[in-house]
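Number of protein chains: 2
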Amino acid sequence: MAKGLTRQSDDFSAWYNELISKAELADNAPTRGCMVIRPYGFALWENMVAQLDRMFKDTGHVNAYFPLLIPESFFEKEAEHVEGFSPECAVVTHGGGKKLEENLMVRPTSETVIGYMYSKWIQSYRDLPILINQWANVFRWELRPRAFLRTTEFLWQEGHTAHATAKEAEEETLRMLEVYRSFSEDYMAIPVIPGPKSEAEKFPGAVQTYAIEGMMKDGKALQMGTSHNLGQNFSKAFNIDFQTKDGSREFVYQTSWGMSTRTVGAIIMAHGDDRGLVLPPRLAPHQVVVIPITRTDEEIVAVNAVIDTLIDDLKDIRVKVDDRDQYRLGWKFTEWELKGVPIRIELGPRDIASGQAMIVRRDTGEKQTIPFDQLGVKIAALLETIHHDMFNRALNFQAEHSRKIEDYEVFKASVEEADGFIQAHWCGNAACETKIKDETKNTIRCIPMAWEKEEGVCIYCGEPADRRVVFAQAY
Amino acid sequence: MAKGLTRQSDDFSAWYNELISKAELADNAPTRGCMVIRPYGFALWENMVAQLDRMFKDTGHVNAYFPLLIPESFFEKEAEHVEGFSPECAVVTHGGGKKLEENLMVRPTSETVIGYMYSKWIQSYRDLPILINQWANVFRWELRPRAFLRTTEFLWQEGHTAHATAKEAEEETLRMLEVYRSFSEDYMAIPVIPGPKSEAEKFPGAVQTYAIEGMMKDGKALQMGTSHNLGQNFSKAFNIDFQTKDGSREFVYQTSWGMSTRTVGAIIMAHGDDRGLVLPPRLAPHQVVVIPITRTDEEIVAVNAVIDTLIDDLKDIRVKVDDRDQYRLGWKFTEWELKGVPIRIELGPRDIASGQAMIVRRDTGEKQTIPFDQLGVKIAALLETIHHDMFNRALNFQAEHSRKIEDYEVFKASVEEADGFIQAHWCGNAACETKIKDETKNTIRCIPMAWEKEEGVCIYCGEPADRRVVFAQAY
Chain A
11 MAKGLTRQSD
21 DFSAWYNELI
31 SKAELADNAP
41 TRGCMVIRPY
51 GFALWENMVA
61 QLDRMFKDTG
71 HVNAYFPLLI
81 PESFFEKEAE
91 HVEGFSPECA
101 VVTHGGGKKL
111 EENLMVRPTS
121 ETVIGYMYSK
131 WIQSYRDLPI
141 LINQWANVFR
151 WELRPRAFLR
161 TTEFLWQEGH
171 TAHATAKEAE
181 EETLRMLEVY
191 RSFSEDYMAI
201 PVIPGPKSEA
211 EKFPGAVQTY
221 AIEGMMKDGK
231 ALQMGTSHNL
241 GQNFSKAFNI
251 DFQTKDGSRE
261 FVYQTSWGMS
271 TRTVGAIIMA
281 HGDDRGLVLP
291 PRLAPHQVVV
301 IPITRTDEEI
311 VAVNAVIDTL
321 IDDLKDIRVK
331 VDDRDQYRLG
341 WKFTEWELKG
351 VPIRIELGPR
361 DIASGQAMIV
371 RRDTGEKQTI
381 PFDQLGVKIA
391 ALLETIHHDM
401 FNRALNFQAE
411 HSRKIEDYEV
421 FKASVEEADG
431 FIQAHWCGNA
441 ACETKIKDET
451 KNTIRCIPMA
461 WEKEEGVCIY
471 CGEPADRRVV
481 FAQAY
Chain B
11 MAKGLTRQSD
21 DFSAWYNELI
31 SKAELADNAP
41 TRGCMVIRPY
51 GFALWENMVA
61 QLDRMFKDTG
71 HVNAYFPLLI
81 PESFFEKEAE
91 HVEGFSPECA
101 VVTHGGGKKL
111 EENLMVRPTS
121 ETVIGYMYSK
131 WIQSYRDLPI
141 LINQWANVFR
151 WELRPRAFLR
161 TTEFLWQEGH
171 TAHATAKEAE
181 EETLRMLEVY
191 RSFSEDYMAI
201 PVIPGPKSEA
211 EKFPGAVQTY
221 AIEGMMKDGK
231 ALQMGTSHNL
241 GQNFSKAFNI
251 DFQTKDGSRE
261 FVYQTSWGMS
271 TRTVGAIIMA
281 HGDDRGLVLP
291 PRLAPHQVVV
301 IPITRTDEEI
311 VAVNAVIDTL
321 IDDLKDIRVK
331 VDDRDQYRLG
341 WKFTEWELKG
351 VPIRIELGPR
361 DIASGQAMIV
371 RRDTGEKQTI
381 PFDQLGVKIA
391 ALLETIHHDM
401 FNRALNFQAE
411 HSRKIEDYEV
421 FKASVEEADG
431 FIQAHWCGNA
441 ACETKIKDET
451 KNTIRCIPMA
461 WEKEEGVCIY
471 CGEPADRRVV
481 FAQAY
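Chains A and B supply the protein sequences, listed in that same order. Read in order, the letters of the first sequence correspond to residues 11 to 485 in my numbering. Read in order, the letters of the second sequence correspond to residues 11 to 485 in my numbering.
Incorrect hints may have been included.
Same chains, same names: a pair is fine if it fits in one copy or spans any two.
[To be verified] In silico DSSO-like pairs for lysine-lysine, Cα to Cα no more than 30 angstroms straight-line:
(1) K451 to K325
(2) K255 to K388
(3) K67 to K451
(4) K325 to K67
(5) K388 to K177
(6) K227 to K177
(7) K377 to K230
(8) K255 to K330
(9) K255 to K342
Source of the hints: derived by calculation from the structure; they are not laboratory data.
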C-alpha cells in the first residue's frame, strides 16, 4: 500500500478520495461542493482537452464562447428544461452593488442562451449547419459532492449544432457519440457501451439521449459522455427558423453533446490499483519518469550526461526526470507509482557500465532492461503495448462483471451479492424501470446499440420484450 | 469602404463596433454587459492562448483550476482588494433552491481563493516556488460595456506565484512582463511600452504593478497586460507562511499577472483599416485564403486539382479555401479583406496556364505573381515580412503620435487638438496626477523602464522631476 492508501477491496470510496488527495489531482475548495483541480490533475485534463478538441475539429466543428450568466426567463421557455435544471442552479441576484431587475442563472448547460443567439444568426439554409463547441465551466448544485464525479462547478465541453433536417441532426448525434466512444477506448483505454437512454434518463428537453457507459473497478457504471438529439424542442422555444431552399420557413433541428471533468474520475476508477493511479499512456502528463540512482557527485555528473542523451532519443515522449535530492529513492518509486506514470526508468552507474537501462511498467510491475541505443523505439512501442493491455484488462473486467439474468429474484439476489452490469430484458415501460430502481438501486444505463435483438420477457413484469438492456448501479 | 463600414477618421468608435459585428468576431449577449465570442473571434483568441500558454510553460509554469465562486468574507481579508473589487462583483445569493448562508462572489480575480489554497499547500521552503497559471472567465460589472475592451464577463489567464524571497518575486514579476512584451511585439505585432504604474493606477493589493501599454490607431492607450508584485500583502492576509531552510517561519512573496480577451480589441484597433481587420500573420485563424476563379465545371475541376497540390506545399500554413458557389467573386474579396486574412491567393484558368498564382497582401494591397513551385517558400517568407512590416508601421505610428511636452498649457492644448502619447516630467506626487486626469482626461500610463533618467520639472507643479512618464487618454 502506497503511503497508507486504503485498499480498494477494503473501501473503494475511501481509496478514491485518498488517492485524489495524495496524488495531488484535486483538493476541496472553500466554496461548498467545489474542487480545485491541482496542476497534476489539470495536466491530465489538458491532454484530454487537446485530444478531444482535435477530434471535434476533425469532424468540422469550431469553438466559440457564450456567457456564463443566463437570464432566468430563458429557462422557462422549454418546459422540461426548466423543470430539470432550475432547482440545481446557482443564482446571481445582485451585480455592481445593486439588486438586478432579473435574476441571472449560472449556466448548468447552455442550450437556452445558445438557442437565443442561433435565432439571431440563422436566417437561411445557407447559414446551416452550425457546428459549434464551447469549453466552459458549468454549475449544478450538489448536495453530496465527490471530486470529479459530482461537483457543483465542473469543466466540460458542450457542442451545440443546428441542421436543416432531422436526418442530419440524428447523424450528428451519432457521429459525436462515436467520437466519445473512440476517445474513451482509444485514449482513456476504457471500454464503453454506447446506446440510447430510456425516456426517464434522457436530457431534459431532448428527443433522444445517447450515452457511453463505462464500468469502474467497483463494478459500478459511470456515464462518461452524452449526445442529445434535441429535435425541434429548443428551436420552437427560441424561434430558430430558417428559409428553406424552396422558400418556405422551418424550424432547425438541433443536437448537443458533452463530456466533462467527470471523465478524470473514470480514469482513476477504471484503471487505478492499491498502489495508486495507473494512467493511460496516451493521456498521461508524464509518460516516462527517469529516476537517477546516484550517491556521489561523480555519479551524478556521469548519470546526468547519459540522461541528457536519452531524453534526446525520447523527444516525442513526455519525460519527467526526478533528480530532486531531498527525497530518498524508495520514496520516489512509491510517489511515481502513486501518480500512475506508465513507465519508470532507473538509471545508475551500473546501468551506464552495462549500457542499458532498467525499465519498470506501472500497470504490471514487470521489469526489463533495454540497451540505450534501442530506448527510443522500445519505449514508444511499450507505451502502445501498455495502452492496449490496459484496454483489454478493463474489457475482461467488464466481461467478468456482466451477467445475463432472466429472473427478477435472481436479479435482486445478484445485486445484493455482487456489483457489475446486469443484462436483462425490459419491456420499455417506465413503470417497470422505476420499480426496479426503487427496489434495487439499479438503473437502465443504456440500450446497447451493438447488441442484437433477442426475444424474451421483461425481467420485472414478464411482458414480451425484444432486447436486453444494461442495468447497473451508477455514479 | 467594405460593406458600409464607417471610416476610422469619421468615427473610430463606430468603426470598431461595426467591424466586430460585420467580421463576426463577437455579438452582444442577452446578458447585460456580456458578449458572445463568435467562432472567427474565438479562433483568433485560441491562437493567442496557445502561444501564451507555450510561453508560460517554457518559463516553468503549470496550469490549474480554482473555483469561480468565492466566499464574500475572503475579499474582506485584504483591505485595498475589497475596496477595489467588491463594488464590481456579481453576487450569488441563492443555490440549489435556497438562500445561501454566505454570499458567493463571482470571481473578479482569484488572489483571495488561491491565497487560501496556497496556505494549505505551502508548509516548507521545499514547496516553493509555486508557479501556477489559470485560464478562466472573470466578472467585473461594467456600466459602459465595449466588446473585448470592457465586458462584464471576460476570458483571461491569471498567473499566481509564491516565492521564498522578495527578490525572486520581483524577478518573476519582471519575467512575466517581458513575456507579455514579447508576445505583444513578436505575435500581435504591436509595439508596447513596459513600465511600472503609478501608485494610483496599481492593482488593489499589489506592492507594485507593471504594465505594457500599446497605442491604438486613434492615438489612445490600451493597457494590454499587467504583472503585479504582491509582496507579502496576501500571504499575511491568508496566512501563507513556510519554514525556511534555517527553521524559522516566514510569509511567502507573491506575484500575479494577467492578459485577457481585451487584447483582441488591441489587434483590431492597432492594425485595422477602413476595409476591416488586418490580422497579424502569426495569430490569424487563416493565414492565407485561396479564392478559385472559375466559371465552368471544367474550370472548377482543373483549378481544384491545382489547389489540392498547393495546399500540400503550404502544409505548415493555415489555409482556407473559399469555394462557396453562392457568393460572387467581388463579395469574397471584400469579405476576406474585412476579416483581415494576411494573404489572398487568386487562382483561375489563366493562372494555371501560366503556372503562377496571383498573391495579394492584406496590409498593403500589393499584388505579385508567384510561380507554383516557389509558393510554399515564398508564402512563408511573405507572412514573416508582413509581420515585421505591421510591427514597424505600428511603431512609426506610435513615434509620430508621441510628443515631448514641457509646459502644462501646451499639454492641455495638445490634448485638445490631437490624440497620442505625451512624454512629460512628473514629480511623483499623486495630487498632480489627479489634477492632470481631472483637467485633461490623460492618465499616467506607465513609467517607461527603457527610458533614461532626465532632469526636469513636473509638468503640473514645476517641482523637480528626474524622469518623463507617458500620459495618454486610455481605454
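Results of checking the hints against the structure:
1. Proximity of K451 to K325 under the C-alpha cut-off of 30 angstroms is found in neither arrangement, the shortest distances being 49 angstroms within a copy and 54 angstroms between copies.
2. For a Cα distance limit of 30 angstroms, the shortest separation of K255 from K388 qualifies neither inside one copy, at 57 angstroms, nor across copies, at 42 angstroms.
3. Taking the shortest alpha-carbon separations for K67 and K451, neither the intra-copy value of 39 angstroms nor the inter-copy value of 46 angstroms comes in at or below 30 angstroms.
4. In this assembly of identical chains, K325 and K67 lie within 30 angstroms of each other by CA distance both inside one copy and across copies; the values are 26 angstroms within and 17 angstroms between.
5. Taking the shortest Cα distances, K388 and K177 never come within 30 angstroms of each other, neither inside one copy (47 angstroms) nor across copies (45 angstroms).
6. For the identical chains of this complex, K227 and K177 are neighbours neither inside a copy (38 angstroms) nor across copies (49 angstroms), given an alpha-carbon limit of 30 angstroms.
7. In this assembly of identical chains, the alpha carbons of K377 and K230 never lie at most 30 angstroms apart, being 32 angstroms within a copy and 65 angstroms across copies at closest.
8. When the C-alpha separation of K255 and K330 is checked against a cutoff of 30 angstroms, the pair qualifies only between copies, where the shortest distance is 26 angstroms, while the shortest distance within a copy is 57 angstroms.
9. With identical chains, the CA atoms of K255 and K342 are at most 30 angstroms apart between copies only, with a shortest distance of 22 angstroms across copies and 66 angstroms within one.
Hints 1, 2, 3, 5, 6 and 7 from the list above are not met by this structure, while the remaining hints are.
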